[in-house]
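Sequence lines, in order, name chains P and B.
To convert, note that position 302 of the first sequence is 302 in this note's numbering; the numbers rise steadily by one, no gaps.
To convert, note that position 271 of the second sequence is 271 in this note's numbering; the numbers rise steadily by one, no gaps.
There could be a bad hint or two in this list.
If chains are identical, the list can't say which one is meant, so a pair holds when it fits in one copy or spans any two.
[What the hints assert, rightly or not] Below, simulated DMTMM-like cross-link-like pairs (lysine to aspartate or glutamate); rule was C-alpha separation at most 25 angstroms, straight line:
{"id": "1", "residue 1": "K56", "residue 2": "E99"}
{"id": "2", "residue 1": "K402", "residue 2": "E377"}
{"id": "3", "residue 1": "K402", "residue 2": "D325"}
{"id": "4", "residue 1": "K132", "residue 2": "D65"}
{"id": "5", "residue 1": "K56", "residue 2": "E302"}
{"id": "6", "residue 1": "K32", "residue 2": "D65"}
{"id": "7", "residue 1": "K32", "residue 2": "D353"}
{"id": "8", "residue 1": "K56", "residue 2": "E359"}
{"id": "9", "residue 1": "K92", "residue 2": "E292"}
{"id": "10", "residue 1": "K92", "residue 2": "D385"}
{"id": "11", "residue 1": "K92", "residue 2": "D363"}
{"id": "12", "residue 1": "K376", "residue 2": "E403"}
{"id": "13", "residue 1": "K92", "residue 2": "D343"}
{"id": "14", "residue 1": "K11", "residue 2": "E377"}
{"id": "15", "residue 1": "K92", "residue 2": "D365"}
{"id": "16", "residue 1": "K132", "residue 2": "D213"}
{"id": "17", "residue 1": "K402", "residue 2": "E378"}
{"id": "18", "residue 1": "K132", "residue 2": "D114"}
{"id": "19", "residue 1": "K92", "residue 2": "E18"}
{"id": "20", "residue 1": "K402", "residue 2": "E324"}
{"id": "21", "residue 1": "K56", "residue 2": "D301"}
{"id": "22", "residue 1": "K402", "residue 2": "D72"}
{"id": "23", "residue 1": "K402", "residue 2": "D138"}
{"id": "24", "residue 1": "K306", "residue 2": "D69"}
These are calculated hints, taken from the structure and not from any lab test.
There are 2 protein chains.
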Amino acid sequence: MSTTVSPLAPKSYPDMPEIQGVQFATAAAGLKYADRTDVLLATLAAGTTVAGVFTKSRCTSAPVDWCRDRLDGGNACALLVNSGNANAFTGKKGKAAVELSADIVSRALDCPTDGIFLASTGVIGEPLPAEKFAHVVDDLTFGQDGQAWLDAAKAIMTTDTYPKLATSSIDLDGETVTINGIAKGAGMIAPDMATMLSFIFTDAAISNNVLQDILSVETGSSFNAITVDSDTSTSDTVLLFATGSARGRGVEPVSSLDDPRTEVLRAALRDVMQDLAHQIVRDGEGARKFVEISVERAESDESARKIALSIANSPLVKTAVAGEDANWGRIVMAVGKAGEPADRDRLAIWFGDVRVAVEGERDPDYSEDAASAVMKEENIIIRVDLGLGDGHSTVWTCDLTKEYVAINGDYRS
Amino acid sequence: MSTTVSPLAPKSYPDMPEIQGVQFATAAAGLKYADRTDVLLATLAAGTTVAGVFTKSRCTSAPVDWCRDRLDGGNACALLVNSGNANAFTGKKGKAAVELSADIVSRALDCPTDGIFLASTGVIGEPLPAEKFAHVVDDLTFGQDGQAWLDAAKAIMTTDTYPKLATSSIDLDGETVTINGIAKGAGMIAPDMATMLSFIFTDAAISNNVLQDILSVETGSSFNAITVDSDTSTSDTVLLFATGSARGRGVEPVSSLDDPRTEVLRAALRDVMQDLAHQIVRDGEGARKFVEISVERAESDESARKIALSIANSPLVKTAVAGEDANWGRIVMAVGKAGEPADRDRLAIWFGDVRVAVEGERDPDYSEDAASAVMKEENIIIRVDLGLGDGHSTVWTCDLTKEYVAINGDYRS
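Turn these sequences into a full structure, and let the hints steer you where they fit.
Here it is in structure tokens:
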């Protein structure tokens, strides 16, 4: 477990405005960690709608299965998250553990089990002792000041070196509506720490179909546009809850994709999700550099995205960034291996503002000094122009350092 | 550049029998390295057939383009290989350089340019000063004793810490026929060192169609079944030359896939190619462990192969191996992310002979000590049983160590 905060961490935490209809409590159930909280329980106002996006892994955790089965058009009354144990690859015991967890929360809060959403993050393959939740839920103190948000973000951390919070406020029907989110993840995916979780809350009233649409679409440009090590967890979960409490202030429900307010909400959600996604990359295991990879003029957006991810996931690109080496040959390699349309002789590559390659050759004005200066920065933009079409995509990653190997080679022991 | 030999290197070089119809010479053209050879020239007897397999990169090097254009049913009279410069991403200059190279060899050996095969390995993006070949080809001494094979294998090395040679002899029509091969590569693919080259020679007479078939098929179970870092070079080239000199000893040409001798040749070729492929993995940058990953009872062979490569390419699996950590949760993760049919509750996983997981849970008899003992070995077998069908696949990889990051972070500078 890392004890020093990532050098790429934000310098301060955002002020989190209140979101009516949500209350948080945290507790220390002692699942794995000593001397820290490892349980987050959130209560949600009656009528809260919910949308979710989950890992594409074929070996999903028991809580992912549980949440998927409860999404369709239903309401949410509570969210229970634990860190320290992922309840993944735990077979029948895992299913029993989620049932017991929901039962404990249902009795404590007097709400139906089908409205209870669950997420677990931590070691894979260890049975989750859900009975420990029973010992803590009765003594909880719920609240929602700034400290409660910070405590919530801290309770779900595993190898994270800092809690991740983001917020955005918008005007809807003349009233301020807020979207707040928390996330955990360090390494796109460290499956022991199985792995990326994010919970986002808004006081707007939004129907399930609109909520699911904006969440699914914006996941593409945020959490699905980051990679630390190309590995995919068994537990990745993003849940978006809309309490609808803003109705009390006269904000009408948003229930159609054609409602112009949907796009306003979508943009605010994107801000929050991209902010959280970047914070995950900045907490990437061993990361010392934050890298934006932008691919332009590909044959399609999807093609651009595959090429961008091929670059972002390449160990050779990532080690070159770690070594502050302006090694553009490795960008050529990663474009070439993506399997997407690319014409070597139209390719141009920039590190920051420095064009290093053009028309299938090293730039005639190439300056090793200028390119090297870019690589010494903490934030690095790599841009690739394929010269083929209109497709573009941007993804974010970090460098691959010796510390990544140390963290992941020594983790379980 | 690494100066110490990989701890996984073979303890000795094989004795390479003579192959009639091939002669080697090496020279130091001073392309990049001081005090070592960097040019290999091989002459091939009249009537030598040739087959080739090349990188799937969309950004291929100029010599790859050159060889591809000259494969179809043609004969080979010479092979020129240089190390230190890949002649990749060099635009029009790259094309001119291969033309000049072929021209120099054609004049020196009095053979047609279309029979000359070329390969380059080294830094990407630097123009190849092919005129330097002209200074060395006239003073060459050709030969083919054991030392000549070793010298040939050494001249094509880049980050390799040892030369790679393999041989297999078989009985064909009562006569001994031999297949000898050399290879270079350290890291499946380090594109600066762009990257994997192998040249294989036999004195059997084999028609182009049979030669291409056995080479293509056996590449699948050898060079395409290894991975060090999942990166794919712009220059990967495997060429197989059949001099046909064994005809002089009464060995009839093999010109049909139905000829039973084709399978004998195929098996011998597989031995040589797998041997060379394993040697490349054992020279993987920073490698300390040789890992065989075997996936059984998948829905198809191709599905098994994708799952095996997903495990073999996972940075989290590879760092766990480096840390001697029996972290089977990461195997579950890598199976899950492969996107292939898998049923969590049928999955079983072994480290060596120790079953660590079965039926979607940790093995009830799991022993951390037994699993940890396996991980301390130099050669580790990871076996996954999906319990679905008849598909199986085996791939080979190495661990991901801090040395890999150091080698690739510091390489160009």
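Now for the hints, and whether the structure bears them out:
1. K56 - E99: Answer is within; shortest intra-copy Cα gap is 23 angstroms, inter-copy 49 angstroms.
2. K402 - E377: both (19 angstroms within a copy, 23 angstroms between copies)
3. K402 - D325: both (15 angstroms within a copy, 17 angstroms between copies)
4. K132 - D65: Within. Shortest intra-copy distance 21 angstroms satisfies the 25 angstroms Cα cut-off; inter-copy 64 angstroms does not.
5. K56 - E302: both (17 angstroms within a copy, 20 angstroms between copies)
6. K32 - D65: Result: close within a single copy only, 23 angstroms intra versus 57 angstroms inter.
7. K32 - D353: Neither: 47 angstroms inside a chain and 30 angstroms across chains, both beyond 25 angstroms.
8. K56 - E359: So K56 and E359 pass the 25 angstroms test across copies only (20 angstroms; inside, 38 angstroms).
9. K92 - E292: neither (42 angstroms within a copy, 31 angstroms between copies)
10. K92 - D385: Close across copies (19 angstroms), not inside one copy (50 angstroms); limit 25 angstroms.
11. K92 - D363: between (59 angstroms within a copy, 13 angstroms between copies)
12. K376 - E403: both (18 angstroms within a copy, 21 angstroms between copies)
13. K92 - D343: Answer is between: at 14 angstroms across copies they meet the 25 angstroms cutoff, but 51 angstroms inside does not.
14. K11 - E377: Only inside one copy: K11 and E377 sit 17 angstroms apart there, 45 angstroms across copies, limit 25 angstroms.
15. K92 - D365: between (63 angstroms within a copy, 17 angstroms between copies)
16. K132 - D213: neither (36 angstroms within a copy, 62 angstroms between copies)
17. K402 - E378: both (17 angstroms within a copy, 21 angstroms between copies)
18. K132 - D114: For K132 and D114, the Cα distance is within 25 angstroms only inside one copy (21 angstroms; across copies 75 angstroms).
19. K92 - E18: Neither: 39 angstroms inside a chain and 62 angstroms across chains, both beyond 25 angstroms.
20. K402 - E324: both (14 angstroms within a copy, 16 angstroms between copies)
21. K56 - D301: both (20 angstroms within a copy, 22 angstroms between copies)
22. K402 - D72: neither (44 angstroms within a copy, 46 angstroms between copies)
23. K402 - D138: neither (45 angstroms within a copy, 47 angstroms between copies)
24. K306 - D69: Neither: 30 angstroms inside a chain and 29 angstroms across chains, both beyond 25 angstroms.
In summary, the numbered hints that this structure violates are 7, 9, 16, 19, 22, 23 and 24.
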